[in-house]
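Dock chain B against the given chain A, drawing on the hints supplied.
Chains as they are written, first to last, in our numbering: chain A, 1 to 403; chain B, 1001 to 1364.
Simulated from the structure, these hints should not be mistaken for lab results.
Owing to the predicted nature of the structure, the values given are computational and were not obtained by experimental measurement.
For glycine and all other residues, C-beta sits at the position ideal for the given N, C-alpha and C.
A hint or two may mislead.
To be verified - Chain B regions said to be covered by chain A (calculated; three or more residues, Cβ under 8 Å):
| # | region |
| --- | --- |
| 1 | 1045 to 1054 |
| 2 | 1171 to 1178 |
| 3 | 1338 to 1348 |
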Amino acid sequence: MSAEPRTILHADMDAFYAAIEQRDRPELRGKPVIVGGDGPRQVVSTASYEAREFGVHSAMPGVRAKQLCPHGIFVTPRMEVYAEASAQVRAVFDRFTDLVEPLSLDEAFLDVTGSRRLFGDGPTIARAIKDEVRRATQLCVSVGVATSKYVAKVASDLRKPDALVVVPPGEERAFLRPLPVSRLWGVGAVTQQQLERAGLRTIGDVQRRSERELRQAFGDSLGPHLYVLGNGLDPRAVEPSREARSIGHEMTFAADLVDAGEVRDTLLQLSQMVGRRLRREGVRGTVVRLKLRHPDFTTLSRQRKVPPTADDLELHRVACELLASCWPGRPGVRLLGVTAAGLVGIDAPVQGALFSAPPKKRDQLLAAMDRIRDRHGEDAVRHGVERHRTTPWGPQRGSGEPG
Amino acid sequence: MKILCDRNALQEAVTVVSSVVPVKTTKPILQNLLVRADTEGITLFATDLEMAARVQLDAVKVSKKGSVLLPARETAALLRELSDPTVTLESSDQRCRIESGGGSFVLLGESPEEYPEESQNKSGKRIEIPAGRMLRMIQETIFAAAREETRYAINGVLLDCAGGCLRLVATDGRRLAISYENIDSKVEFKVVVPLRALNTMVRALPEDGKEALQLEVGDKQIVFKIGSTQLQSQLLETRFPDYEGVLPKSADTTVEVQKAVLESALRRAAILAPNDMRMVRFEAGDNQLRLTAESTARGRADVAVDAVIKGAGGGINFNPDYILEALRVCKLDDVRLDMSDDSMPAKFTLGESFTYVVMPISGA
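Isolated chain A, as found in the complex:
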């Protein structure tokens, strides 16, 4: 890496799905729009800024959103339209640099270090991108400009919507100092409490500790992580070759699972959630990944390449095979995750199979199940292999969540 500071942009579309609905249906503009269903088991995909004022946010159960915002307008997601807009936005990014790392349909990192001589400095490029995205899609994007991925991401999120936040080289620590520790990646509610008990409320509090102190207080994994992020040192490169996106779900269990049948049933639930989102977004996975965490927090990850699929049972079958390869039945299981990666479009060519139901019939069956679930809830229809549902603390949404 050169000694010269990098220029990294984080571009994040503002209330992407909701903004598209408001763009395409003028009657929704200025109104609280909630993309997602209000059914008992449905969740909010995206809420417009008007709805967010009522406390509605993504991944919230639709029922709760309805309580908070009774006059909210619920809109069924139109993934093809969002995917198309996403491709238009991506085309804009590609004009400024070949180092684009998409995180989901609506956000991406761009390394424009090498583009500065061509297009001007970071803030100039950021303004140009905002203008061109607006011209191409009539949508707003917030951009953070910094010397690392982490700081750029915090910056883009700080003054949404339509934000442009620049953190010049050398000012990363000052920029982060007043922010709460919850702004640090990987710091959720539990870790936040842990930090606050140790007297760390702001990132500035973290900056005042040495790496060694943090390591002693929070262990060899979390300690150095806090040190690096807290001081704005995130060295990770923007990786364009990274799999564009993945769709995954994981569950943490209040009581560790020890029964193999229970574990497999949970994998089925996760596979269904993943399969459903794959189908909703019109994509198929070519890699199935299993994540498994033991009570002592050792975490295993196993993956396998598969023919493109969005089929719950196929995901489940592979997940179970991966499970068999790494879990002999003990110790217990604290967390399980299923992810589909290497996503390809639904119209990508597929090598046919001789012995399964014809793909078209299988697709029709899954689509019918999805419709029933949309209308009557997740429990309304099940695959024959499913025995019972486990009740964890509640599913945690996985990666690739649109915001």
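Showing chain B alone in chain A's frame:
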């Protein structure tokens, strides 16, 4: 033990038996082969516990009966290098002295008592088939068996014997090869034989062999016998998919084309098939079969060959590697392709009793 025998015959026998000796094993004793000498000659035997091979040699002068365990790799290498027409083996105390043409070698073996016993096959169902025919049938199917970890990683070939016909069937879930031969027997069995055993058979069976190969099928194992050589293998307990159900019964379009012409055209077109989704389009019409491939990164191929087209015409996409692998073992001058649309399996007729079914690539 002390024997005098023909070097060539011994070398051949050692080569056959050594083919089941594992390259790597947690039981070092399995890297040996057993030589037993009695009044009827000598027997060579080796096993890896899943497979076993045995060869009997009677053109041997046995001066002293007994048995010895020899390191398989070294024995085979040594016999290859010796130049005399005869060789003497004399053993005492787990050592074996080999004398031939002015050279003398001592191989250190292990105690023959430690070596796994040859399991006696209880009589099973028997059929006979010309060895050369069996070789062809194995070659015509084995390439289509799944090796990678897929849904149909069967790692074996089905031997389906019924109604006076022996069928060999192999599939990886996307393509399926069937080769059959009528036999003079009412015996019925349906077993899955491991690929390893069949690969060993391919090496052991003579090309164009008219000699009879005897199959003896038990509950858990199968024995192949030809002359004084016998190969025994455990059967796989895999359930084989219902292959008859996927054989297409009708087709929209029939293409007849010279095998050599198709093979070379397809090889050329396949050069530009994308790496991530190997795909060549077969388009039938106007007495031509047109093969096209396109890779967004590398370019486009378009090859047309003369063909006799009957029926509606049209196009479907195949993984070219699937077709090329089958054409490589096809001995016909003209092959026939029956195809419909991309949701239906297509059928290649590649021999009088050799059929190959391939699922097309859809949605392209």
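Which of the numbered hints above does this structure break? 1
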